[in-house]
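Participant: Top line first, the protein sequences correspond to chains A and B. FYI, in the working numbering the residues of the first sequence are 1 to 469. FYI, in the working numbering the residues of the second sequence are 1 to 133.
No wet-lab data here; the hints were simulated from the structure. Bear in mind that the values here come from a model prediction, so they are computed numbers and not experimental data. Just so you know, even glycine gets a beta-carbon here, dropped at the ideal spot from N, CA and C. Possibly wrong hints are sitting among the right ones.
Said to hold, decoys possible - Reference excerpt, derived from the structure (chain A facing chain B, CB under 10 Å, subset only): (1) Asn-135; (2) Glu-328; (3) Arg-331.
Listed below, chain by chain, are the residues.
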Amino acid sequence: MIGEELLYLTVTELAKRIEAKKLSPVQLTKAYLDRSEKLGPRFNAYARLTPEIAVQQAETAEKEINRGHYRGPLHGIPYAAKDLLAVRGIPTTWGAKPFAQQVFDHDATVIEHLRRTGAVLLGKAAMIELAGGMNYRFASASLQGETKNPWNATCWTCGSSSGSGAIVAAGMAGFAIGTETWGSIICPSAFCGTSGLRPTYGRVSRSGAMALSYSMDKIGPIARSAEDCARIFAAVAGHDFDDRSTLPIDKAAFTYSASMEITAKPLRIGWLTNAWKTLDKDVSRAVAAAEKVIRRYFTLKAARLPEGPFEEAAGVIISVEGAAAFRELIRSGRVSELADPLGQINGYVNEQISGADYIRALQVREILQQKMTALFDSVDVLVTASQPIVAPPLDTNLETGLSFPDPLGAIGNLCGLPALSVPCGFSEGNLPVGLQFVARAGNDAAVIRAARTFQQHTEWHRRRPKIPK
Amino acid sequence: MNGKKSGVSRREFARQAVLVSAAGALKPFESVVSPESGARVDVPQEPPGAPKLSGESRAEADARYEAIIKQYGDRFSGDQKKDLRRLCYAQQPQLERLRAFAVQNDDSPALYLKPLVERDKKPAAVVPPRRAS
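Isolated chain A, as found in the complex:
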């Protein structure tokens, strides 16, 4: 009998037990499936479970391990994949009614990579319809309805990787795969108290993944520690002939070993002073305490983000690329089948943005990339709160309630910078607060190292929500 304690172990800890044959991948998979069947519907966390695939993959993993063929740290580890990643023969709905019956005859490259490492697919995680590509006003903008936060079921998980965040937070899988165009890994990680890595643009293949913004979409892990994120990222990163946006082989691949950090030179941390206009009282308190921890282990100095219309540029690029990606949906009128009132009409507005404005946004992006390169000459990692608030109530009007400026989110995603969010405290209402680390493009290792160091000296990532039985 596998207890809840074990289901909340990190991938790294589960892997040690599996490698030592002290934990059966089949039993672990069945335990996560049982929990997912019970809790998944309560939180609207899954688009669907795939028990047949899961049990078959777990049995294969167990046989291989018993034969002495251990593939590595993900072998036999159950996970969930956001429902915009194609899995052969299983509906891939993109969280949206017009695609509810969509079935692909191939796997996304990320799914293929994870299968090769021996990871076990438990199911497809719920998500905001079209990953928010047509914009949305309410948390209910999903085929599965609103995803509820395991820390407080009256609050939201954030989107668009809403199910991925809830699944990890509620101990329903060892890890989950999410995607981010602007905030969709970092925000659910912050609101759900999980660790989430948004890799450098082009390091993880998007082949077989729904496209929303061709020049900004990224795929990354949501897990229980920064170290887990590193191990999962190492499994899915790499050049892919089927995704021309991936970086060349030597720049895309990532290898991870905790011992690599011993010889690495000290990180210079830039503490951002202008990332958020204001922070909620609880967030401010938790982040101030986190700063003290970071100051003990790194050289820390104040840093400022460059100023300019970077949120505007990111907004225009996503709007135009999204309107192009879903052109047929808009033109056919089927966009009206989306659940969200804003999602039903916003694509029409985005279609009207001129080509000249789009190119201007791309020019601004180029200038910004140069400014950020200059900033990263003096610091290795930028740090600030992941979000200025904790998880809001489910019925919040997101158009007005979550409309605060987010220049770091815009800059990080415009420039394809890696970021990692980890929990750094809790509000008085016991909702998680996130801290994010951002580095130069390609320097994913730096954000992992900084976040891992933070987690070696704190216990926030070990906390788990009290979920009523």
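Since chain A is already given, all that's left is putting chain B on it; use the hints.
Facilitator: Only chain B this time, still in chain A's reference frame:
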């Protein structure tokens, strides 16, 4: 000018005229003094909750709204039309801030375009040799 005859039938023209007038009905006009001529001109009123825009900006936002209505007008309810117009107005300051940012003619856009010549070609699938039967 191309010599193609307009493909709009009388019925289609009438349909579009109804749509445009319906769109117009949703955006009442207000009379303002033109800063250039000093004369009073009619400009459309801002939708409720929309940002304050100059006359020129309002005209641009309304042009985008009217383009949507012209092409898709029969798809929307009255409330959706009001919301669309509000969204067109809300988009305007964002576009103007972007346009106001100084760029030079030779500032290249960051297209993320990687020409195929710079990339390795995908290897052809390995086909196992046929066994002689």
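Participant: Each of the hints needs a verdict: does it hold here or not?
Facilitator: To see whether the hints hold, each was checked on the structure:
no. : hint    : result
1   : Asn-135 : 9 Å, holds
2   : Glu-328 : 14 Å, violated
3   : Arg-331 : 9 Å, holds
Against the hints set out earlier in the document, a violation occurs for number 2 only.
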